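Chemist: Keeping the supplied structure of chain A fixed, place chain B upon it in accordance with the hints.
Number of protein chains: 2
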Amino acid sequence: MINKLVTKIKKTEAPIVVGLDPMLNYLPKHILDAKIAEYGETMKAAGRAIVEYNKGLIDAIYDLVPAVKPQIAMYEQFGIEGLIAFEETVKYAKEKDLVVIGDVKRGDIGSTSAAYATAHLGKVTVGSKKLSAFDEDFATVNPYLGTDGIKPFVDVCKEEKKGIFVLVKTSNPSSGEFQDREIDGRPLYEWVGEKVAQWGEDAMGDEYSYVGAVVGATYPKMGKVLRQVMPKSYILVPGYGAQGGKGKDLVPFFNEDGLGAIVNSSRGIIAAYTKEPYAKFGEAGYADAARQAVLDMKADINQALGH
Amino acid sequence: MINKLVTKIKKTEAPIVVGLDPMLNYLPKHILDAKIAEYGETMKAAGRAIVEYNKGLIDAIYDLVPAVKPQIAMYEQFGIEGLIAFEETVKYAKEKDLVVIGDVKRGDIGSTSAAYATAHLGKVTVGSKKLSAFDEDFATVNPYLGTDGIKPFVDVCKEEKKGIFVLVKTSNPSSGEFQDREIDGRPLYEWVGEKVAQWGEDAMGDEYSYVGAVVGATYPKMGKVLRQVMPKSYILVPGYGAQGGKGKDLVPFFNEDGLGAIVNSSRGIIAAYTKEPYAKFGEAGYADAARQAVLDMKADINQALGH
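Chains as they are written, first to last, in the numbering used here: chain A, 1 to 307; chain B, 1 to 307.
Take the hints with a grain of salt, since some may be wrong.
No copy is singled out in the list; a pair is fine if it fits within one copy or between any two copies.
Unchecked claim - Restricting the straight-line Cα-Cα distance to at most 25 Å, the calculated cross-link-like pairs of lysine-lysine (DSS-like) are:
hint, residue 1, residue 2
1, Lys-91, Lys-44
2, Lys-94, Lys-44
3, Lys-123, Lys-29
4, Lys-129, Lys-44
5, Lys-280, Lys-161
Everything labelled a hint here was simulated from the structure, so no lab data went into it. Quantities reported herein were computed from a predicted structural model and do not represent experimental measurements.
Just chain A, with the same shape it has in the complex (with noise of 0.2 Å):
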């Protein structure tokens, strides 16, 4: 999956994903307003409404950028209904061809951990039949646990040539609280960062390892460091526009093959139309602002990038 990511990122020249991180205040008040009617004020609404948003967003970008990144929390916050959305949303991503990054933040004990990739990139036995429950084609995994935390994702990766994205340096203030303190010299990400390198060395595609990592976009000095201490994997950059981060800041998360980095951005995107200068483009409008804003973004990152 990662020679996928890399051969799409070539092709649509576009290290973009688009973060489908629905909050209910960013949809067109159209939308909610007749689920609720057919569903009431119910979760059903909320799931129905925001299968739609993502489908009207799915449709205007699929064929500009590589991937498409759902945050499940914004789904289980409406509980079973929020998850089938999830899952709706998943499975017509991959219809329409675009990499899925399941952004789950996963991540417990051995046995656990097992469970959770198999439930976002495994396949799971029932009786005689092997049964797939979410199917992302990446997961991100939360690395606090250490190596027997992370091993069990990295074997369902290699079984299904999947991937992974393991928090390194998260984009949010306090991030430095632990990510940043020092231990022998060096802050912890940069450890973090280097057992994500050893995890990936034995699970490698063509040119970059199942194993990449989230490096914010809001640091790009330690984007720098962490580009060189995991030169194979590659890095999923959080924080672009709406957290803070321009396109000038991304530069250091690339490799001088243009390749290593794409970088997220959720709200700029799919919530474009709320704010200038998309806000012409109207509620009704709110996917074609979605498909502008992917244009800028691309066109910033490329000038960036002296592309």
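Modeler: Frame of chain A; chain B shown alone:
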């Protein structure tokens, strides 16, 4: 909810939480076979079998223990049907007046943690209605992202009078890889423990805080230090039984009043019938075997604590 947990621990004299982590191979054959006969080799068969198994367990132990802890990964691997089983398990346990600790180990940047907190402890707004999704009483949370990943959980806890247990020192073999690394002369888990104490300061129940911690039974010396670092935090202690922890290892996790810790056992209780000395109960007696295993665990812990 921490007050209810403490009250129930005092009343049952059992600082024990039963981990409802149903692997399909723990289930008595007749339960799974019947559901496969009804629904085929499907996720639905797995989900329905898990609910029946769990209800049998809950019926057998609800008067003996204060709490149960369903591990969501074991449900999530069966997709939507698995999560329906999780939801029904939580509901059934609450009907039996058990405190429910959702072992979900979520954690993300602020806005995303807020959605997870809503999903598991809070309420989401759809139109004019406030609706609950999974509605556990407590959730486990991962600290890697720092304060702004935890704060949204604490806010919901205060609003809903619920609680969290933050991962501090986990029970797995490689937990030390990052958690034990020294920062200014003290291991990372102590720094995390200190933050747990701070996060809980303005979220106090009568005797203990809404913000507890997870510390593995497999590391009793570290438990002793952490008990002092976080005097007002309840410690959820996994790793007893199947993972290797014994009654005497648990003493350091408790305060002198005999409170302050609640010990989890999963396999050792719910799959007791598969191992000596409970094999005599047989598959059909899996719930009675679980009850006896709880009674033996209670005796082991109380003897170790000198009660």
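Chemist: If a hint holds in the structure, say so; if it doesn't, say that too.
Modeler: Hint check results:
1. Taking the closest pair of Cα atoms, Lys-91 and Lys-44 come within 25 Å of each other both inside a single copy (18 Å) and across two copies (19 Å).
2. Proximity of Lys-94 to Lys-44 under the C-alpha cut-off of 25 Å is found in both arrangements, the shortest distances being 23 Å within a copy and 24 Å between copies.
3. Taking the shortest Cα distances, Lys-123 and Lys-29 sit within 25 Å of each other only across copies (21 Å), while inside one copy they are farther apart (38 Å).
4. Taking the shortest Cα distances, Lys-129 and Lys-44 sit within 25 Å of each other only across copies (13 Å), while inside one copy they are farther apart (30 Å).
5. Taking the closest pair of Cα atoms, Lys-280 and Lys-161 never come within 25 Å of each other, the shortest separation being 43 Å inside a single copy and 44 Å across copies.
Hint check: a violation occurs at hint 5 only; the rest are consistent with the structure.
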